[in-house]
Structure formats: C-alpha cells, structure tokens
Amino acid sequence: MDAILAQLLNGLDKGGAYALIALGLTLVFGTLGVVNFAHGALFMLGAFCAVTFRQLITLETVVIDPEQLSPWGAPLEIKTPLAQTWFGDFGAVLVDYSVPLSIILAVPVMLLIGIAMERGLIKHFYKRPHAEQILVTFGLAIVLQEIVKAVFGPNPWSQPIPSSVRGAFDVGAMIGLAPGALTYPMWRLIYFLFSIGVIGAVFAFLRFTTFGMVVRAGMADRETVGLLGINIDRRFTIMFGIAAVVAGLAGVMYTPLLPPNYHQGMDFLVLSFVVVVVGGMGSLPGAVLAGFLLGIVQSFASMSEVKQIIPGIDQIIIYLIAVVILLVRPRGLMGRRGMMEA
Amino acid sequence: MDLLRMPRRDIILFIAFSAVVLAMPIWLQPLGAAYPALMQKLVISAIFAIGFNILFGLTGYLSFGHAAFLGVGSYTAVWSFKLLTMDAIPAIFFAVLVSGLFSLVIGYLSLRRSGIYFSILTLAFAQMMYNLAYSVLTPITNGETSLQLTLQDPRIIDLAFAPRGAGLPTASLFGTPFTGLGSFYFCAGVLLVVFFLAQKIFASPFGMMLRAIKSNQTRMNYTGFNTRPYALTAFVISGMYAGLAGALLAITDPLAGTERMQWTASGEVVLMTILGGVGTLLGPVLGAWLIEYFENIFSAFNENIVHRFFSFLPAEIADPVSLIVSKFVGEGWHLTLGLIFVLVVVFLPGGIMEGVRRVASLFGRRSTPASPGAVRAQPAE
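Quick mapping for you: the protein sequence lines, in order, are chains A and B. Anchor point for the first sequence: position 226 equals 226 in our numbering, and the numbering is continuous, going up by one each time. Anchor point for the second sequence: position 32 equals 32 in our numbering, and the numbering is continuous, going up by one each time.
Next comes chain B alone, as it looks inside the complex:
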C-alpha cells in the first residue's frame, strides 16, 4: 500500500482536517451557519479552490477561466440525471470526464503561452464558452432559464427498474435518495478524498516538478525537462476538480445556469485561493470557507440589523456609524470583499496562511524559515 504511506505530519494534518470537516454541523452551530445548503456550498467551494490551487499555487499559471469547467461539470451532471439516472456516481463520473476533456483541449492550447498571455487565453476560452452557452447552445444549456429536470425526462436506467414517480425526483446514492444532512456528508466525503489526493500531489515528485516550473521554467527547460506535459497534467487535474465541484453543485440542487461560467465566477475562486494562501494545502480551503460564509451571513444583513447591533452607543454616534457600516454589508458585501482582497494582496501576498505563520514566528517557538510550499505567487515567465 504505497499509496497510503505518508509522513507522520501529513497523516496528522489529514486526520485533523477530516475531523474539522465532518464536525461542521457541530462547530458551525454557534456561528449560525449549520444549515445544509450553506455547508454544502462551503464544502464544494473548497473542492473548487483546492483544484484551482493545484494549477495556480504549484505551477504559477494564473487561469482566469476556471469557472467554465465548473459550468461544464454542472451541465454534464444534470444531463446525466435527465438521460440516465438520478444516481450521483454516474453524474460525477461523466462530469469529471467531460470537464477533463475540455480542460485537456483548452489547456493544450493555452499552455503554449505563459504569463499574462496564458491568463488572457483562458479568459478568452471561458468567455467563448459562456457566450455560446448563453446563445447558440440553448438546446443543450437552456440558456437564461437554466437547465433543470422535467417530468418528461427519459432517465433510461431509473425507469427500467421503477415506474415514474409523481413529482420531480431528487438525487440519490445507490438508489437511496439524499435526505437531511445526507448530501452534505456525501460532499464532505468527496472533499476528504480530493484533499487526500491533493496532499499526495503536493508531496510527490510530480508536485516538486510543478513547483520547479513556477520557480524557474527556463532553467527546467535547459536542464532537459519538457515542462509542458507536467503543466498540462496539472491543468487537467484542476479542471477535473472544477468539474467535480460543478457536479456536486448539481447533485445538491439539480439546476445548471450560465452564470456559473461567467468570468466573475472565475475571479471568485482566484480571490478564495489568494485570500487563504497560494500554494498551501489548507489556504484555499480557508479562503473558500471565509468568503462563502461571510457572503451568506453578511449579505443577509440590512440596515435594521446593523442599527440594532450598534444600539448600545448613544444615538448621535450610532446613527452615522450604522449608516456607514450598512454600506459594507448586505448589498454592499462585494465592496468589503474587494477591499479585503486589495489589502491582502498589498500587505499579505501569502494570504491568511502567511499571516498565521508570521504570528507563530512572533512567538518564536521555532525559528524555521517559511516552508517551500509558501513561496510567493510568481508568474511563470
């Protein structure tokens, strides 16, 4: 079982991570976030960000079109529900396969350039896919109204075993429909698997090769390595992660819309990864959780709630304060997000993980230098 042989530190990290993820319904309770819809979103975004980080964090190639793969995954999964069966496994299988194929083609073309040209190429491909999904491909994507299940879907495999039910079916696993926290635990299980895989990739010679691409691609080429296959593999892996995340989105809610593919969605996963810490294992997960959590909590705030929050102050102070604060929550949540993001890039390019490391080194327990995985984001030039 070579696959399972890991350094002790990694095993501890994995066990701790599993405990944190599986205990989410407990520790999110006091934070007011322990409802399934939000927890699923947290887990799925984490998968998306981990995958994005395998490309951006390890190789330094900044893709601005990753949401396209997420969208492809979602559409494939919903089509698998419509045509074959409501079971989650085939949906995931096809979604990962198809998004892998898409990322193979797009990655093959885009990786012929690097630096900003790579970013623009991926952005151009993603915009093309988004525009097509929105216009000409409406028979496949259902355009603006989003692709969803209907009562007339063929669902060949399901209907061969059971008669058609009365209402719309829900996603199931081996014939058992998801109920309550079921789909959350399913997503959490998937997250643990892909986190484990990411850990293996980070620790493998392949991961080392990807880091070498980031630090000096020219030198790699002169040493006689053809770096492109490695970068392409990383691109396809991260595209598959995105497709997987898309499929899970479809499983928790069988609906796929074009807005998932828009370039602002690609920007969001970049934000998550940067906020948490590029090139670290836990960083993207932390970033994804923070952004999704605050998006859900903050955007529900309105001026009344803010006002009540500041009611302990005298009215002359409370009124202007709550007026100002209310601009930053609710509808204005994106303003806060943008500000945080600018501040993080300016002052803490390594994200939260670097902040944690700096604080830890302040207390001077160990004077170890930053680990190699935490080098600053550098373009592949």
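Next up, chain A with everything else stripped away, as it sits in the complex:
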C-alpha cells in the first residue's frame, strides 16, 4: 500500500510538467491550428530564465582581505553578492529564493518570446500543410536550442531549492500511516501544487473572462467570430504568448528537479506530443488528464516489482500507451470526433 501511494506521488510532479507542456501545445493547436514542435524549446527557455535570473542576482564583489588568511595561507577572498550588499539580509533571502522569484522575470520574457515567434514566423504557416508546420517549428527548435548552447554552454546548470522547503514532507503521517512511512520531497509537492494552480488559472481565464470567451468561440468557429467584427487573430496571438508563458513557468519551477541543459526541450517535447495525442488532439482537459495519468503510469512502470515481470517496460510504457490509444481510439481519451482524423 505504501509503495503504491509512494509511486502515485512520484508520478505527480512529472505528470504536472507533462500536463503543463501538453496544455500549451493544445492551446496553440486549438487556437491557431499549428502543430508546434518548438514548444519543448519554450520549456527549455523558461528553465534558462531561472538560470539567468540566478546568475544576475548572484553577481558578486570580491574583496581581498589581507588581515585574514584562508586555511591554505592565501589572503582570504570575501565574496558578497551585490544583492546582499545593497539590500542586506533581504538580499540573501532573494538569492535563496531565486528559483520561484525568477517567475517574475520569466512571465514577461516568455510572453514577448511567444508573441515574437507567432508574429515573426508561425503567422505565415496557418494555411500551410501540417507537415510544413512541423518542419519549420522543428527547425526553429534547433535554432533556439543552439543559441542557448552557444550562450550557456553544453553542461547542465543545477539550481538550488530554497532552504526553507528543502526537506521532505511526511505525507504518511497526514493520512494516518506511521510517521516517516511515506515521505515526499517538499519541492515536488510544491511543483505539483504549482502546476495545478497554473492549470486552474488557465482554465479560469478561458471560462470566466470575456477575453477567454471570445477565444473559446474562436476555437469553435473562427470564421463566424471574425465576421462578427472581432479581431480574432490578435487574441490568438496573445494565446500563443500565454501558452509560451505556461511552458516557461513549467520550465522555471522544474529546474531544481532536473538541472536544465540545452537539449532538455527536445526530450520533453517528444513525450508531451505523446501526451497530447493520448489526451486527444485539441482537448484541454484531455491534455491535463493524460499528462498526470502518463506521469503516474510511468512511475509505476519503474517499480522494480513491475520491471521484474516485464523487463524494460519503464523505458517504453508511454510510447506503448500512445501506440495502443492511436490504433484503438484515434481521437484520444477526450478528443473531439473528427479532429484531424483521416
């Protein structure tokens, strides 16, 4: 029982990341009708927003103090982050909380990147065949990835978890098991709650605001909305920006769990496409559901008991599910009938 619960929890944070990326992919597909292979790169760019923010905030001044000596006899170098020099203890807190704080940087940056991408490139591909959309966004993903590699180098950048949430959370004690029987790293729990929060925000935005209503109307029937005199293209552009922000935020908060490197986006992209297909092309709830479902299934498949029965299952389970779903129920779990079906 404990083991099963533990795997369930383990799947949640990864599932949260899948769900967030798949949500963005589906938003773009549902609004603009574009298959965006560069979406994983947006996730990666978000992660590097966190890296940049930390690099900026930890810029430090080095003062050589000839009075004090370091243990090996050289004059001691006192390194103080600029943030600390300027703001004192508050600066130290800033450095400690750099990952969650970099959201402040990531939101405008990702929004700008998203809108620039849509206006600059993707706009021209609405009417082109899906194969060409895939190809051009694939090329764009390579370009973004290589730019990041040129700037940040090929090695992963690990980001620290803020010290106050570094421990593990005793889930077992909360639901009546023996204390310590079932613990869960605090940051993973935060990631899960964060992804739920972002998903909830996106859904609320679409459901309860006028802007969201127009966007939903446009997804259902773009032409009619256009005929009513609404500039639907501009709203869709903003939705692309929002999808980029969602992917970016998913990337920012994931950095302490997996040190970001330049090809991380591609790794997540393939998986999230599978998630989208399993959930049903164009269905937002489907994308979220499939994201969490596949995250949990994957963590179950990597249990050693399961691996003993079917060796290697943890490596292929997600793709296997995708193949089965596509062949048996091509519109996915919650997809609309006829969505890109042949």
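Honestly, the hints are just simulated from the structure, not real lab data. These figures come from a predicted structure and were not determined experimentally. Hints are supplied without guarantee of correctness; some may be wrong.
[Said to hold, decoys possible] Restraint-style ranges between C-beta atoms, simulated for each label pair:
| # | chain 1 | residue 1 | chain 2 | residue 2 | range |
| --- | --- | --- | --- | --- | --- |
| 1 | B | R228 | A | D221 | 31 to 41 Å |
| 2 | B | T264 | A | E67 | 25 to 35 Å |
| 3 | B | P314 | A | T80 | 54 to 64 Å |
| 4 | B | L101 | A | L59 | 58 to 68 Å |
| 5 | B | I317 | A | E77 | 32 to 42 Å |
[What the hints assert, rightly or not] Where chain B lies over chain A, by a calculated footprint (3+ residues, C-beta under 8 Å):
| # | stretch |
| --- | --- |
| 6 | 110 to 118 |
| 7 | 128 to 135 |
| 8 | 195 to 206 |
| 9 | 265 to 276 |
| 10 | 325 to 335 |
Just so it is clear, CB atoms sit at the ideal spot from N, CA and C, and this is done for glycine as well.
Starting from the known structure of chain A, arrange chain B on it as the hints suggest.
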C-alpha cells in the same frame, strides 16, 4: 529486357549521375573532401535520403522514425560479421531483410493513421526501439558501448576456410578485403543500383499510384482503390533503403551504436530531403551531400581559422566579424543548419531543386510548368 527500357531523358540522367558519383574522388579534391571516410558518408546518406524520399516525397507520409531502420540494419550487419562471415554480401542481405521485416510490422500499424498521427506513431515506435536498444536489449546491442567485433567472434563460415588471424578482421567482398578506395567504390556501386531502382519506381505505374495517394487519398478510395497496400509497399521499400544504408555504415566501419537510432537522426534525414527537394529524384541526394559535406567541413573550423580567413579586413572590423562568424561554425554548426532549414521551409518549400527550376525559368529557355514530381509537400489527409 523490359527492366532496362527507359525514356531517353532518364538514361541521360542516370549516366550523368553515375559519372558524378564515380568521379567523386576527382571533383571533391579541390573542395578538400576527397578522403574515403567522408565520401563513404556522402554516398551512404544519399542512399538513406533517396529511400526516405520514396515514402515522404511520393506518398506524403512524414515518418519521424526512419533512423530506427538504419539502426536495425547496422546491428544486423555487425551480427552477420560476428556470427557468419566478414563478407559484405550476406551482411547487406540480412540487414535489408531484417529492416524490411521491421518496417513491414511498424508500417502496417502506423499506416492505419495518417497526417500528424502517422508521424507521432512512427516517432513512438522509433523511440521504443531506441530505448529498448539502450536498456534491456543490451545483450544484443551492447548498449552505450556500441556493438563491435571482438577477437572471440565465432564467424562460422570464415573460420571454416581459414584460421583465425591475429588482429580484428576487416569487411571483405568475396574474400578480398576492402583497401583504399575499395569500400567507397563498393558503396558508390550500391548507390547507383538503388538510384536506378528509385528511377524505375518514380516512372512506374506504382509510383504514379503513390503520387495519387499524396494528392488526394480520399478520392483514390472513392474510385475503388485500396491505397493502404501501396503505401505499405512504399514504407517497406524505404525501410529497406534505410537498412541498406545502415549495413553500408557497418561495412565501412564495423561498429553499431544506439545514437544512430535516436529521433534526431530521423530528423536529419528529413532535413536532407527537404533541403534538396521533396519528391524529386536528385533533390535528396543533393541535400544529403550538402549537409554531410558542410557538417564535416564547418565543424572542423574554429575561431583561429575564421580569424585568418578575415585577416584581410582591418583589425577593428575583423575581430567582431570573426567572433560572430565563429558562433556559426565548429560547435555552432547546428545553429547554421537550423537557420538554413527554417529559411528553406519558409521561402523555398520545394528545396534546392525548386530554386534551380526557378532560376532556370528566369532565363526563360522553356516556359514549361513545374513537373508533376515537384509538387509541394502535402500531408496525406
């Protein structure tokens, strides 16, 4: 000899193509690329791209998992070296056979869907094979360390005729080991054969059927054609081409690693085909050559070489220019590749071949419209 009857234009094209391929060691000399390792790579990539184009160019089905078949071909060929003989012919035979079987199964399942679903299905199958090759199937694939020849290999057929030599053997053809340019000419010969086959496929009623699938599959179905067997045949043929390319890779260097099966490798063959021109005979070959050539030449550049290149400029200009340019060569070569690719898809969806045609029509020698083989890539929907 019905097989050899071809229109005059095709014969001329084939002869010209043969001359270009066989003369590679001569005309690549001034380009600094006339060494066997690179020329073999050029030829093998061309085979891979021609095969991919038979599927994507003719039927419009965009497979994102073709590298898996290349990997299967490589592994089979190396196993044929290890178990049976170092001769190239059995290795090629088994590699083509096994990759054909794999593509039959995967194609049968994947072709039940079309458009983007087909792409995702092939991608999923390829990723499954890659992940398995990397983890559970290590006894067969040797995982991360790559499958290679050892001194203890059984090599039943070879050892029945000759005692075991001192070092590792090299691949041979009918008992004669490849030396010098031997393996290049062998690969080039194979390329000519498969190019000829592709020419026949393009010109045949079967090829016409595949083009019809691309332009309007629904109409084909309503007319009473069952299109799936045709598409499946095209899929298997292109899978066999990929397996053949994999086998040739193993023949030139008896080593098979998992990275050949990764989906980025599948992406690369898509790049080659698009860059050259989808659905044309020569396009994929041109694309493969350009990408492989520039990959080898550019990635060897470093900042010093770039700096020397721009040394004719005054220092104030040369320094920033060479700094910028050096970001695009060497390690940054993939950045250039990505940019070129985006530009080609945006401005020249028909690839280099379309560019050539546009330039030719500018000079207005003939006002013929674009040939039917050059229609834009369209998804099979």
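A quick look at each hint next to the structure:
{"no.": "1", "hint": "B:R228 x A:D221: 31 to 41 Å", "verdict": "holds, 33 Å"}
{"no.": "2", "hint": "B:T264 x A:E67: 25 to 35 Å", "verdict": "violated, 56 Å"}
{"no.": "3", "hint": "B:P314 x A:T80: 54 to 64 Å", "verdict": "violated, 42 Å"}
{"no.": "4", "hint": "B:L101 x A:L59: 58 to 68 Å", "verdict": "holds, 59 Å"}
{"no.": "5", "hint": "B:I317 x A:E77: 32 to 42 Å", "verdict": "holds, 39 Å"}
{"no.": "6", "hint": "110 to 118", "verdict": "violated (count 0)"}
{"no.": "7", "hint": "128 to 135", "verdict": "holds (count 7)"}
{"no.": "8", "hint": "195 to 206", "verdict": "violated (count 0)"}
{"no.": "9", "hint": "265 to 276", "verdict": "holds (count 4)"}
{"no.": "10", "hint": "325 to 335", "verdict": "holds (count 3)"}
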